[in-house]
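Colleague: What follows is the residue order along each chain.
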Amino acid sequence: MAYYLEFEKPLEDLENKIDALKRLSDGSDIDIASEIKNLEKKAADLRREIYSSVNPWQKTLIARHPERPYTLDYIGLIAEDFIELHGDRRFADDAAIVGGIGKIGGIPLMIIGHQKGRGTKDRIQRNFGQPNPEGYRKALRLMKLAERFKRPVVTLIDTPGAYPGIGAEERGQAEAIATNLLEMSRLKVPVLSIVIGEGGSGGALGLSVGDRLAMLEHAVYSVISPEGCAAILWKKGSGELGQGDFARAATALKLTAQDLKAHKIIDDILPEPLGGAHRNPECVGRKIAEYILKSLESLQGKSMSKLVDERYKKLRKIGGLTQIQNLQ
Amino acid sequence: MAWFKKKKELKTEKKVKIPEGLWVKCDNCKEIVYKKEIEKNRQVCPKCTYHFRISSRERLRILADDGSFAELDADLATTDPLEFMDNVPYAKRIADNRIKSGLNEAALYGDILIKGFPAVLAIMDFSFMGGSMGSVVGEKISRAAERALERRVPLITIASSGGARMQEGMFSLMQMAKVSAAIGRLRESDVLYISVLADPTFGGVTASFAMLGDIIVAEPRSLIGFAGPRVIEQTIKQQLPENFQRAEFLLEHGMIDLVVERQELKDTLAKLIGNFMPGAAAK
Ligand SMILES: [Zn+2]
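Chains as they are written, first to last, in the numbering used here: chain A, 1 to 328; chain B, 1 to 283.
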C-alpha cells in the first residue's frame, strides 16, 4: 500500500479506485479496460496539477516522506564495489551517519550521508537520522582518509538535525560539528554535497561544506524546522500550533531548493519525478550519479590549493550586507 | 531570620522611596544585592560569585588597556535578505533592537591592547536579539579572524548567543561555515585563537567559532551547549543532571581548557598571549 500525504488525498482516492478496478477485471472486459485507462490519465493529470503548486510546507512533508529513498538506497543504486566503513575510533559507530568507499562511473570516491531508518526497529537503531558526535567524527575520519588517498568526497544530506541528548552534549556535539565545518573547508580533495531529503540545521551543515551544494527538487534545507520556527514566533504551546502555522513558517524561512537557488545559497537543483523521488528512485539515482560526475569534471585540473581557495571565497561571500548611516 | 526581615524591609521600602533598579536579585542565589556593589565587582554577585551577563561595552572596560580599543566596521548592517516577516518585519525588529540596546548589531570587533599585547577582539552582545548570529555577526567574526592573521596578532572572541538568527534563515546557517573556514586559516598559521564563552552560548555559535579556539575559556557557571536544555528535556523526557551544560560540566568532560572568573580574565589572556605569542607585544 502506497503512503499518501495529506494534500495527495484526491490522488489516493483515484488511485485506489484504479487498483480496485484492476483487481475486478481479468483484462477481457473492454469497458473496464477503457475506464481504467481513462482514470489513469485523470490520475496523471491530477498528480501534475497537485505537484505544479506544492507550497514550502508540503515540500517539507515530501522531503520527510517515509518512502523517500535514503542514502543507502542511492548508494545501492549508483555505487559499485561499495564497502561501508564503521566507527569513529573514539567512542562508537553512529548508525545515523553511514559512509564508505565505492565507485561511481568508475571513479572511486568516499560517500558519506545521513541515514534515516526504514521500519520501526531500523528507525530506532538509526536514531531517526539524528547523529551524535561520534557520527560527525566518523565522517571526518573517512574524509581525512579520502584526502590521503586523493579520493573525492560526496555527502548526501538527510537529517531532522543533530540529536539533542545528554550524551551528545557530554561528548561535544557542538565541537564535533564545528570541527567538521573547519576541516571540510580545508579538505584537499573535491567535496560535493547533495541534500536528498531534509537538511536540518547544523546537523545537516556538519556534512555539507564543500565545492558544490545541490538539492533534489523537493528537498528542504533550513536553519530551523518550520515547527520550531512557528513555536518561537507565535509562542503557542506545541499542541496549539497547526498546519497553518507550520506553512507560514516554512514560507518565511525560504527553505525550498528553488528559493535557495534564487538566493545563491545552493548551486544546483536535481529534478525529481512527478510525485517525488520515491516514485522512481532509479531515475533520481541516475541524476545524482550524473551530477557527481559532471561536477567532478568541472573541478578537474584545479590544483588543490586553488580548489580550497575557491571554496573559501565561495563561503566567504555568503551574507546579506549593507551599511547603516546613523550609527549608535 | 535576619534574611526575612531584610527582604520584607526592602519590599516596603522599594514601594515607597527606593528608585527602580537600585537593587538587583541575583539569578543564581536569589539574594537581593545593591546594584552599585555588583557594578564595582565587575557584575559578579558578591554573595555567590555568579557572573551576570554584561554588555560588550562593559567587557571592553574590563579587558582593554585604557583607550586602546578601536572598533572596525561598526556600520555593517543586514540587508534582510529573506525579507523575513513574522508578527513584526525583521527590519523593524532590527531597528527596535538598535534603539533598545544602543548597539548596531549583536557583535562588534576591533583592535585592542591587553596588558600591552596587541590583539583583535570580537565580542558578542546578548542584549541585541539574544546575541544571534546572522550575516553581520558572521562577517564581523570572519573579518576579525582575517585581520588577526594579517596582523599576526592573537584573535580573541567572547561569545554569548542563543545561536543562529532565524530571521536570516539559511544565510545565518551558512555563517557557521563561513566563520569556521576563517578560523581554519588561522589553524594553519602560528596565530593564536582564544575563545571565551560567556553565559549563555548555544546552537550555531557553539557549533562554529566558539568551540574552535586553540584555547577555550569559560566564565564560571555559564550555560554552554549545542541544544538548549528545554529542547533536550522535551526530547528525552528526563530530568537533566545537576550542573548540566555549565562551564564546570564542560571542563569536567574535557570540552574546554579553563574556567576563569571575570576578575582574572584580563590577566589570564595576557599570560596566554605572553606564553604563546610573546613577539606580539613588540608590534
Ligand atoms: Zn548571587
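Rather than coming from a laboratory, the hints here were simulated on the basis of the structure. For each residue, glycine too, the CB sits at the ideal point set by N, CA and C. Honestly, I wouldn't trust all of these hints.
[To be verified] Residues on chain B that point at chain A, a partial pick, calculated with CB under 8 Å:
1. Val33
2. Ala77
3. Ala181
4. Ser189
5. Thr206
6. Leu212
Colleague: Is the interface hint satisfied for Ala77(B)? The criterion is a beta-carbon contact with chain A at less than 8 Å.
Modeller: Since the shortest Cβ distance to chain A is 4 Å, the answer is holds.
Colleague: At a threshold of 8 Å, is the proposed contact between Ala181(B) and chain A supported by beta-carbon distances?
Modeller: The hint holds - Ala181(B) has a Cβ within 8 Å of chain A, the shortest such distance being about 4 Å.
Colleague: Checking hints one by one. Is Ser189(B) an interface residue toward chain A, by the C-beta closer than 8 Å rule?
Modeller: violated (12 Å)
Colleague: Under 8 Å is the threshold here; is the Cβ of Thr206(B) close enough to any Cβ of chain A for the hint to stand?
Modeller: Holds - the Cβ of Thr206(B) comes within 8 Å of chain A, reaching about 4 Å at its closest.
Colleague: Let me know if the C-beta of Leu212(B) comes in closer than 8 Å to any C-beta of chain A, holds or violated.
Modeller: holds (5 Å)
Colleague: Interface hint check: Val33(B), Cβ to nearest Cβ on chain A, cutoff 8 Å. Holds or violated?
Modeller: Check failed: Cβ of Val33(B) comes no nearer than 29 Å to chain A, outside 8 Å.
The structure fails to meet hints 1, 4 from the earlier list, while all remaining hints are met.
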